[in-house]
Structure formats: structure tokens, C-alpha cells
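Enquirer: Counted from 1, the sequence shown has number 150 at position 151 by numbering that gives the first Met the number 0; the numbering is strictly sequential.
It should be emphasised that the hints constitute simulated quantities derived from the structure, not laboratory data.
One thing to keep in mind: the hints can contain errors.
[Said to hold, decoys possible] Computed cross-link-like contacts, DSS-like style, restricted to lysine-lysine with a CA-CA straight-line distance of at most 27 Å:
no., residue 1, residue 2
1, Lys114, Lys238
2, Lys238, Lys224
3, Lys280, Lys238
4, Lys280, Lys114
5, Lys41, Lys64
6, Lys220, Lys238
7, Lys114, Lys131
8, Lys224, Lys280
9, Lys74, Lys131
10, Lys243, Lys191
11, Lys167, Lys131
12, Lys41, Lys114
13, Lys64, Lys131
14, Lys220, Lys167
15, Lys220, Lys114
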Amino acid sequence: MNKPAKSLASLAILLLSLASLVAAQEAGSSLSGTVTNGTNGKPAVGDAVILINLSNGMEVAANTKVDSSGKFSFKLTGGAGPHLIRAVHQGVTYHQMAPPGTNSVEVQVYDVATKVTDLSVTADVIRFQADKGTMQGVRLFVVNNTSSPAKTQMNDHNFEFYLPPGAKVEQLQARAPNGQPISAEAVPQAEKNRYAIAFPLRPGETQFQLEFTLPYSGEIKIDPKPLYPSEHLVVVLPKTMQFKAANPSSFQTVQNPGQGDSIVEVAQQTKPGQSLGFTLKGNGVIAESPGETASGAAQQQDQQPQGRDNRPGGGLGPPTDAPDALQKYRWPILLGFAVLLAIGGWVVTKRQPVTSVAATSAAKPGAASSDYSAALHPTAAAPATSTPVARSSMLLEALKEEMFQLEVERKQGKITPADYEKARAALDQTLDRALKRQG
């Protein structure tokens with residue numbers, strides 16, 4: 000039997016087994032796991048555990064409780080799509096993703112305290128720009144909970160901050176450690192211009208980002224009024240605006256190579272109540288979007304020549320022993336803007352990507368026919384091979400994976416009949432070309 004015939008036979012066997020395999024998946028498998036109390040290292044006995052199906056939004060699929068050994072188990076009846084495990088401990092939720100194919104997960108929860116002493120602000124970044132009588136501010140807090148034993152801080156005034164007089168909060172987002180940004184609320188307090196966020200401060204790094212606007216006549220005085228010790232207070236503004244600190248020794252100007260049209264002023268190791276007021280004048284906007292800033296900085300980092308000195312300060316010119324004020328926290332500052340500016344909610348893909356090129360395109364069922372060009376260039380995701388036969392073999396493996404995913408989506412009703420026929424026709428055409436090339 001020649002190679003094309005063998006390949007066709009292999010694909011025929013694969014297609015015949017698809018129906019039974021998909022049926023088995025739809026019939027249901029199990030997802031089990033453990034919930035451990037990270038404060039005392041013991042099983043979180045009795046905690047509620049919720050199974051959330053992410054294939055159709057945030058659908059609650061099942062509920063259970065942690066048993067005496069810290070374990071739980073769910074029967075999966077909604078197919079092999081992604082799920083989210085939510086554990087509730089002392090009123091605070093903790094999450095763990097369960098991608099397709101996952102059979103077991105581990106969730107860690109922590110005891111709750113109304114006050115945690117080991118709480119600090121790693122960075123407080125305020126970005127300003129002004130135009131047409133309005134000043135826009137974006138403020139990012141990076142809060143670090145290093146409590147030992149680890150505990151979650153939670154109370155009605157869990158994290159507080161000041162905004163300038165006349166500021167209007169447009170949007171607030173919170174991001175738990177290793178989580179996704181979700182909408183939150185800044186609650187005005189009895190003291191004017193003071194706000195509180197009732198969002199749990201779990202062990203690790205929590206980020207808050209808020210957008211606010213101010214009436215602006217071309218000059219304004221700002222006083223951050225820090226309520227927590229902070230390693231870095233960073234003020235970012237366009238170069239067309241002017242910055243003047245009330246106490247010039249409090250701030251130092253730092254070059255930001257990822258964004259040449261901005262000014263960056265940094266105050267280090269600030270204390271609660273410290274006078275850090277400054278005056279802003281002029282108008283201007285920062286041309287580059289936050290996402291472009293982050294990607295530009297990443298690209299510059301990746302392109303750093305081999306052998307260049309990586310000591311603090313080394314990336315900005317001749318290396319010195321003076322620390323670079325932004326070196327350690329450049330990624331939270333730049334990437335924080337890109338990540339947290341996205342609007343609202345848990346952002347979960349319909350299906351986790353797989354390693355093959357063609358399977359990656361399956362994440363867009365409605366556009367399958369236009370995405371298969373990637374499958375014709377497997378070297379984009381794998382090391383180059385030396386012969387056309389080897390490349391065709393890689394393509395055949397990718398097509399097998401794509402056929403499987405396509406049939407799963409059809410069985411689960413995630414793709415319309417028209418889109419299914421279009422995708423299947425594109426697969427058949429690509430398969431025919433690959434077989435001819437291999438023969």
C-alpha cells in the first residue's frame with residue numbers, strides 16, 4: 000500500500016472513531032480536586048465548591064462541599080469545554096481554571112482577617128493627560144500582601160485612597176493574584192475625596208486600576224495623599240505638559256525608553272501622610288496606547304544584545320551602581336496598563352489553544368476557511384524540517400486534530416451547519432493537497 004493510501008486509511012479509521020469518542024465525552028467524565036487552607040496547611044473541610052461551565056458564559060453547573068479529607072468531585076455532563084472551580088472560604092472566593100481535558104485541580108484558600116499588618120503598596124502609578132478643558136487620570140495600585148501565616152484581608156474599607164477635588168470616577172477594576180480584571184466599585188467615604196474598595200486582598204499581589212476625569216483650565220495642583228507605605232509613586236504625563244513638585248527633592252525624573260513622548264517622575268519609599276504634592280500645567284495626550292507601550296518595552300527587552308550589562312541602570316546607558324527606579328517594577332507598571340484597561344468581567348476563551356497550528360485556528364469556527372492558510376505553514380509553530388514529506392506529515396497530524404475539534408463543536412452545537420460545511424470543505428481541500436504532495 001502506498002503512502003497516500005495509508006494516510007487515507009488512517010484518516011478513515013480516525014473519522015470512524017470520532018463519533019464514539021465525542022459521544023463518550025458528551026456522556027460525561029469527572030473532575031475532582033482538593034481544597035487546602037493555605038493559612039494552616041489543613042484540608043478546607045466543609046467549604047463550598049462551585050463548578051462553573053465557561054463554554055456558555057459563566058453558567059453554574061454544579062455545587063458541592065469539601066469532604067473530611069479535603070477532596071471534592073464533579074460529574075461533567077456539558078462536554079469537554081473549559082471549567083472554572085470556585086471555592087468559598089469565610090466569605091471570600093478563590094478560583095482555579097480547569098482547561099479542557101483536565102481531570103484534577105488544586106485550590107488554595109486562606110483564613111480571613113479584618114487587618115493584615117504585612118500589607119504594602121509596591122507601586123502607585125498615576126497617568127495624566129489633558130485636552131479641551133478635561134484632565135483624564137488613570138491610577139494603578141499594586142498592593143502586596145506578604146502576611147505570615149498567609150491570610151486574606153477583608154473589611155468594608157479594605158483599601159482606601161484619595162482623589163483630587165472634583166474628580167469623577169469613570170471606571171474601576173480589580174485584579175486578584177493570578178486572576179483576570181473584574182469590575183469593582185470605589186465607595187465615597189465620610190471624608191471628602193476619600194474612597195474605599197471592598198475587594199479582598201488575598202496573599203500575593205492585587206492590582207486596582209481606576210480611571211477618573213477632572214475639570215481642567217490649564218493648571219492644577221495634585222496631592223496624592225498616600226495612606227500606605229509605597230516603594231514607588233510614579234507620575235506619567237505627556238512631554239507637552241509641565242510637572243513641578245512642591246518638594247523637588249521628593250521626585251526624580253526617569254527615562255522611559257518604551258515611550259519617548261512622556262515624562263516619568265518617581266518618588267521612592269514614600270510614607271503614609273507624606274507631602275508629595277505637585278503642579279501640572281499645559282495640555283497633551285500620550286500618543287502611544289498602553290498596549291503599544293508594553294509591547295514596545297517587551298520587544299526592546301527581547302532585543303537586548305548578548306553580553307550587555309544587566310545591572311540596574313544598564314539598560315539606559317553605561318551601567319552604574321545607582322538603582323534604576325523603574326527596573327524592578329517596569330513590568331507591573333507597563334503591563335498593568337495594558338491588562339487592566341480591558342473592560343470588565345472574567346475573559347475566558349471558548350476553548351484552550353492546542354499546540355498544533357491548525358487546532359489553534361479552530362478557536363474561530365466561523366472563520367475556519369480563512370484560517371487554514373496557517374496550517375500550510377507548519378514551520379511557524381514548529382522547527383523547520385528538511386523534506387517536503389516531513390512537512391506534509393506534520394500537516395496531516397494538524398488536520399487530524401482539526402477534524403476532531405470540528406466534529407466536537409458540531410456535536411455540541413457550537414458551530415452552525417453552514418460554517419461546519421465550509422470548514423469541512425476547506426479541510427478536505429487541504430487534505431487532498433497534502434496527500435498529493437506526500438505521494
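Enquirer: Do the alpha carbons of Lys220 and Lys114 lie within 27 Å of each other, as the hint requires?
Expert: Given that 27 Å is the threshold and the Cα spacing comes to 33 Å, the pair is violated.
Enquirer: Verify the proposed pairing of Lys114 with Lys131, using a straight-line Cα cut of 27 Å.
Expert: 43 Å, violated
Enquirer: Taken at face value, is the distance from the CA of Lys114 to the CA of Lys41 at most 27 Å?
Expert: 22 Å, holds
Enquirer: Hint check: Lys64 vs Lys131, CA-CA at most 27 Å. Holds or violated?
Expert: 56 Å, violated
Enquirer: Check whether the Cα positions of Lys74 and Lys131 lie no farther apart than 27 Å.
Expert: 58 Å, violated
Enquirer: Sort out whether Lys191 lies within 27 Å of Lys243, counting only the CA atoms.
Expert: 25 Å, holds
Enquirer: Would the pair Lys238 and Lys224 pass a check requiring their Cα atoms to be no farther apart than 27 Å?
Expert: 24 Å, holds
Enquirer: Holds or violated: Lys41 and Lys64, Cα atoms, limit 27 Å.
Expert: 15 Å, holds
Enquirer: Holds or violated: Lys220 with Lys238, Cα cutoff 27 Å?
Expert: The given pair, whose Cα atoms are some 18 Å apart, holds under the 27 Å limit.
Enquirer: Within a Cα-Cα threshold of 27 Å, do Lys224 and Lys280 meet the stated pairing?
Expert: Distance of about 20 Å is within 27 Å: holds.
Enquirer: Hinted pair, alpha-carbon criterion (27 Å max): Lys167, Lys131. Please report holds or violated.
Expert: 17 Å, holds
Enquirer: Does Lys114 lie within 27 Å of Lys280 when you go C-alpha to C-alpha?
Expert: 39 Å, violated
Hint compliance for this structure: hints 1, 4, 7, 9, 13, 15 are not met, and every other hint is.
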